[in-house]
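**Q** Construct the complete structure from the given sequences, taking the supplied hints into account.
So the chains spell out like this:
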Amino acid sequence: MSEHPKELIEPLGKASGKVGSAERLKAMLRIRRFEEQCIALAKAGQLPGHYHVYIGQEATAVTACAALRPEDFLFSTWRNHGHLLARGAAPERMMAEILGRASGYAAGKSGTLHLSVPKLGVPTTSALVGGNLPLAAGAGLACKRRGSGIAVVFFGDAGLEEGAFYESLIVAKVWQVPILYICENNSIPPKQRKRGQYTSSTLPAARLGDVPSALQIPAESVDGTDVDVLTECFDRLVAEVRSGGGPRFVEVCCNRWPGNIMTWPELPGGEWQLDWAFGGRPDRAEMVAWLPSDPLLRHLKKLVEQGVLDRAQVEAIDTQVRAEMASAAKFALDSPFPTAGEAYRDVFAEADGRR
Amino acid sequence: MKISFAEGLAKAIYESLAVDPRVMLVGGSFMGLNMNARKLMEPVVRDYSDRILATPVSELGLAGAAIGAAMCGQRPVVDLGTGSFIFQAFAQVVNEAANVHYMSGGQSNAPVTFYCLAGMRGMGAAQHSQRTQAMLGQVPGLQILTPGGAEDAYYLMKWALLESHNPTVFINHSLLFNETAEFTPGTPMLPLGKARVRRQGRDVSIIASSITVPRAMAAADALERQKGVSAEVLDLRSIVPLDRDMILQSVAKTGRAVIADECHRSFGVAAEIAASLAEQGLSYLKAPVRRVVVPDVPIPFSQPLEAELTVSSEKIQAAAVEILTSA
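Residue numbers (this note's numbering), protein chains in the order written: chain A, 1 to 355; chain B, 1 to 327.
Derived by calculation from the structure, the hints in this document are not laboratory data.
A couple of the hints might just be wrong.
[As the list claims (entries may be wrong)] Which stretches of chain A does chain B cover? Using the computed rule of at least three CB atoms under 8 Å from a CB of chain B, they are: (1) 40-54; (2) 124-135; (3) 143-152; (4) 201-209; (5) 341-350.
[As the list claims (entries may be wrong)] Where chain A lies over chain B, by a calculated footprint (3+ residues, C-beta under 8 Å): (6) 15-22; (7) 43-54.
Bear in mind that the values here come from a model prediction, so they are computed numbers and not experimental data.
In this text, a Cβ means the ideal position worked out from N, Cα and C, and glycines have one as well.
**A** In structure tokens, the structure reads:
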């Protein structure tokens with residue numbers, strides 16, 4: 001077994017106090033390469049069970065988490081890998097958990113669905129649609145009572161179909177809780193949906209934001225493919241929530257990545273290539289069509305055009321990130337499965353705090 | 001002829017739609033992510049799409065609307081998806097549907113079916129592996145069907161959709177789709193509330209339902225082969241109503257009971273059966289009753305941890321051997 005990894009990595013922006021464009025690129029690339037490892041491991045039969053990837057939505061996690069402080073709370077869903085990596089979770093521990101190994105964050109109990117890292121302000125992860133929304137309002141309430149921090153909750157467009165969404169908004173507004181609702185809308189029009197793709201939300205509202213607006217929670221919509229637009233948006237909304245303005249709602253509009261299909265994700269056109277930012281093209285038409293709304297590719301192209309990074313620098317970053325994620329996969333594969341006795345631990349807490 | 005569990009289910013749904021225009025499907029997945037089983041639903045979609053409602057992710061609303069429609073003359077079945085999601089609908093299922101008839105002094109009834117693709121399916125982790133039959137069994141007014149064989153998937157679903165007068169929870173274990181059984185079209189259903197003797201035996205009664213039925217059958221085969229033990233296998237078919245008479249009859253014959261159930265140990269289906277044996281069948285017992293059930297812990301993701309908790313054929317065998325050799 002490899003040496004036990006550090007529990008957490010430095011959260012984005014914690015060291016510098018400010019997150020640069022190149023840092024954001026790297027953070028997005030880390031999520032992309034991590035999930036490519038997941039898909040490869042699943043193909044190899046090493047990742048059992050159902051899982052969901054965040055490919056095409058990385059900009060949201062990275063820019064939102066860059067606006068957060070360590071004391072803040074974050075709630076995610078079954079599609080949590082990006083949020084946790086952006087928040088500073090160690091990819092080795094995450095991958096070990098995803099493979100059900102003893103060295104995972106939950107010693108194999110959570111798998112991908114319920115990955116959580118309380119030390120990063122992620123106390124639990126519900127894999128039920130809307131399950132996290134009331135919990136996040138409660139985390140916001142805790143922040144209000146202690147006088148610091150905010151809660152941020154990520155969820156998909158289908159979350160609005162659950163009654164829990166509506167009830168969470170009501171309590172958050174009535175109590176003026178410091179919470180930012182981030183709805184990552186990755187729906188896809190029914191006609192464009194391929195067989196096997198997840199269905200999309202069927203909310204009969206003209207705009208998702210109409211629902212929170214009716215409850216007097218300010219709502220807006222933002223382009224989920226543009227890192228700079230997202231950065232401005234989250235920095236502003238987080239500041240408003242932090243300064244006691246009460247809840248805010250934002251719909252982040254993403255364009256569904258074509259590999260996101262119901263049974264198990266696939267990589268159309270293979271691993272993501274840096275070359276696609278330098279004139280190359282994927283060999284799959286659906287990827288060619290999707291790439292203009294790939295936030296990672298958009299940001300990379302922008303940085304190169306602006307002269308912030310050149311190709312050699314980008315390749316160096318990618319090499320480093322690939323090595324990090326390959327090593328996370330190796331660590332996970334080398335880790336033993338938990339022993340049977342682990343199944344009986346942690347049903348009830350025996351002390352205040354975790355082992 | 002042989003049919004599979006998935007075929008039985010699809011056939012029951014199709015025939016019920018054909019026979020009774022009041023039958024409607026609130027959601028239409030039924031087969032989960034089992035792609036082969038999903039194909040069996042194509043005739044239903046082709047011929048009855050006007051009676052399949054597209055569903056938002058609104059379990060409470062869907063269940064409640066189906067209960068309402070049932071009280072007003074329809075016969076809906078709600079596909080709740082993964083069986084654990086019935087919790088999102090609990091307020092309507094438990095506190096509304098189950099009480100409608102009683103609260104109205106027998107004036108109203110709600111012949112609605114809640115379909116749950118439930119159970120420990122492999123790497124479902126804590127939130128997608130729930131078995132709710134024991135806790136739902138605590139709710140007077142709900143019928144709880146737990147077929148363990150393909151013919152009963154057909155008969156019980158058809159019964160729920162066409163004949164039931166009451167709210168019914170149809171619990172289909174995710175791992176049963178490929179189980180097969182002999183089936184003769186046109187033969188009447190073994191009445192609801194009757195257990196099915198899947199295998200006759202003399203030495204020990206294995207009482208099972210849902211997924212534990214095929215596992216009990218495998219255990220009985222192995223016991224016969226390896227130990228010369230003659231095990232009787234009872235398939236309960238439904239938890240409510242529960243066929244206590246048949247359980248007592250079987251144990252009166254064998255003198256020993258192993259109860260195999262996928263609910264948690266405490267306050268579970270097996271606990272109820274053991275209590276019935278203690279109350280009414282103590283004089284038959286030559287050895288203590290054994291429950292082969294899931295320990296009182298949530299279901300973990302990791303495969304070896306889940307295996308540790310799973311009610312396997314091997315554990316059923318071991319329990320039988322233990323009570324056969326202890327006395």
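**Q** For every hint, state whether the structure bears it out.
**A** Results for each hint:
{"no.": "1", "hint": "40-54", "verdict": "holds (count 3)"}
{"no.": "2", "hint": "124-135", "verdict": "holds (count 6)"}
{"no.": "3", "hint": "143-152", "verdict": "violated (count 0)"}
{"no.": "4", "hint": "201-209", "verdict": "holds (count 3)"}
{"no.": "5", "hint": "341-350", "verdict": "holds (count 4)"}
{"no.": "6", "hint": "15-22", "verdict": "violated (count 0)"}
{"no.": "7", "hint": "43-54", "verdict": "violated (count 1)"}
The structure fails to meet hints 3, 6 and 7 from the earlier list, while all remaining hints are met.
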